[in-house]
Amino acid sequence: MIRFDKVNKWYGPDVQVLNDITAEVNKGEVVVLCGPSGSGKTTLIRTINRLEPINSGTITVNGQETHAKSVDVNRLRRDIGFVFQQFNLFPHMSVMDNITLAPRKLRGMSRAEAEEKARTLLVRVGLEDKAGAYPSQLSGGQSQRVAIARSLAMDPPIILFDEPTSALDPEMVGEVLAVIKGLAHTGITMMCVTHEMGFAREAADRVWFLDKGVLLEDAKPDAFFSSPRHPRAQRFLADLRH
Amino acid sequence: MLEIIQNNWMLLLIGQYPNGPLGGIVATLLLAIAGLALAFPVAVLLAVARISPFRWVSLPAAAIVHVVRGTPFLMVLFWSYFALPVLIGRPLSGFWTLVGALVLYESAYLAEVIRAGIQALPKGQEEAARSLGFGYFRTLALVILPQALYNSLPALIGQFVSLIKETSLGYVISVNEFTYAAAQLNSQLLVQPVEVFTILAITYFIICFTLTQSARWLEQRIARSRQGRPGRREAQPQTDILATEPMP
Amino acid sequence: MGYEFDFSAVLTDQYIDWLLAGLRVTLLLTAGAWALSFVVGTALAVLRATGFRPAVWFVSTFVEIHQNIPLLVQILFWYFAMPEILPESWREWLNRNNSEFILAMIAIALCHAAYISEALRSGLRAVPVTQYEAGRSFGFNYIQTMAYIVVPQALRLSIPPLVNHSLLLFKNTSIAIAIGVHELTYQTRQIDSDTFRTFEIFLVATVLYLVLSFIIMAVGNLAERRLGMGVR
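Keeping their order, the protein sequence lines are chains A, B and C. Counting with this note's numbering, you get residues 4 to 245 for the letters of the first sequence. Counting with this note's numbering, you get residues 396 to 643 for the letters of the second sequence. Counting with this note's numbering, you get residues 725 to 956 for the letters of the third sequence.
Treat the hints with care, since some could be wrong.
Simulated pairs of lysine to aspartate or glutamate, EDC-like, Cα-Cα distance not exceeding 20 Å [to be verified]: (1) 108/A <-> 522/B; (2) 120/A <-> 82/A; (3) 518/B <-> 55/A; (4) 108/A <-> 614/B.
Simulated from the structure, these hints should not be mistaken for lab results.
All chains should be modelled from the sequences, with the hints used to inform the complete structure.
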């Protein structure tokens, strides 16, 4: 579903953000990316929908080479949901309008149809009573759940999460993770950058460990947490336990 | 002073109208409104061009803005006075000469206000819209401009006050407006300049101050509507450093 | 547009002399009004910073009055109305000493002093309270904290608006034409009515204004880069 082939990204000769990344995510799989800050995990996930350009290599999504010049990037992005650390809800629109904007304007859905769909999604994220609210009236956890519903409204076969709980107060992490867990293994392909190792253990099919732009581990969660091979992964896990 | 107002309020309010051209306070306000209404769309285009990723779009826009910012309004007014009739091939009334100058001059300043509004938005807003699959222009139209224009509303009112003040320079090329009416009155009465110019100053003050205050009120309202989001790690609003400990 | 440009008609020795005379007055007016406005503006900002109620009230009234009345009206007021209010001896002194220039300078300076005091105030307000608290926790008193920690930062934050208002002040000296000060715009119109080469002479004048404006902008950029906070 998503294939990285010798992907490199650098800023000038000295700063290599992504170093020869080669890996693959299968359809319906859940992959958790972890690693110390500055390891390139956020950059990697942002290259998939071309929020970040790459310098060499190829990324193929559903058989299509995403960084090719000929690719209509807007069309590509409709099929890749993206959830941000800072939610990035549109503050000038109600929750309902945040969710229905893209289906209406990009898929030509009627307002009634789009709102119907939005209501189903709001039920799914547990916010059916917030349709008329504005983002400024929501808590962080509620905002992030609306952002997830907004991404799902386009029925993307792939959804990417960039540290979805890092901007939340601790008591709100659980509600957001519960929603993400509910999505896992429903057929949607998921990649998630996160520091929540409990979530990785429970929901992930595979864990990728990045450090200094290099993909050091690609393992099943059990194997990764019980016996990480690379010393840097061992140190990372040890630091997390403290 | 009251007697002057009593005897001449029609002149100060509408000039010689209906026996002559419209003037006075009404003309001043109409000039400023027409100037703002026509400058606004130009300013939006200029602002959007200024932040364009294409240098062949952003550079000319930046050049226009800098040239206008470097030129006194009076120079722009004289250019409008001499050059606009030549450009459009027919004579132009004083009213539209002044409106032309206001549009030329204020588009550049308004464009900078709008550009600041756009650039003050978090980068995530653009990224979120682009990630959903919206193109550059739809992202601007649906997500960026509605927020940027709303947030710059107080600054836009401030710019409207500038426009009102700039209309007074129509006096220099004898456009019928409020300052011109007052100057006419002054040369009619001859011996009461203090009274006449006090009336002139106070009237401008009342109009402009009311607008400035409403801009401040709006600014606070907008600021308040962006606060109060529980459960988010956000920087605390800064309080006035001088209010924490007044000097003894 | 069959207009043929002919710069030789306006760039004769005589007219160049007129232009240079106008330029000289514009520069003198700018320098005088600028210096005066910074002195008054700083004084107003300091007065306001004391927090002494009558002082705060006085400064904010001064600021509102000068920001909400067109500069032209302020200049006309100083020219037509002020001499009537002033004592006889002052009026005579003014009449002997180029009253247009002096009154225009005062009017422009006081108007921009209002903006300058506001720029300084907003700089002060932009310094985080934590900086002040840090100063006090070292054991500095109020004056020391302000002098060593807060004011230097505030000044740097104020540079962009101060440069902006310096530029506006320079441009606004052209309004002095309204009371007959022989500055650059005035001389331009004189040459225009002498030669009827309108486009040529206004082009020359506009370029002169632009060059001076760009110099002010460049100096401002330099000041901001040298003294400013830089990118953080």
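Evaluation of the provided hints:
no., hint, result
1, 108/A <-> 522/B, "17 Å, holds"
2, 120/A <-> 82/A, "17 Å, holds"
3, 518/B <-> 55/A, "13 Å, holds"
4, 108/A <-> 614/B, "32 Å, violated"
Of the hints listed earlier, the one the structure fails to meet is number 4.
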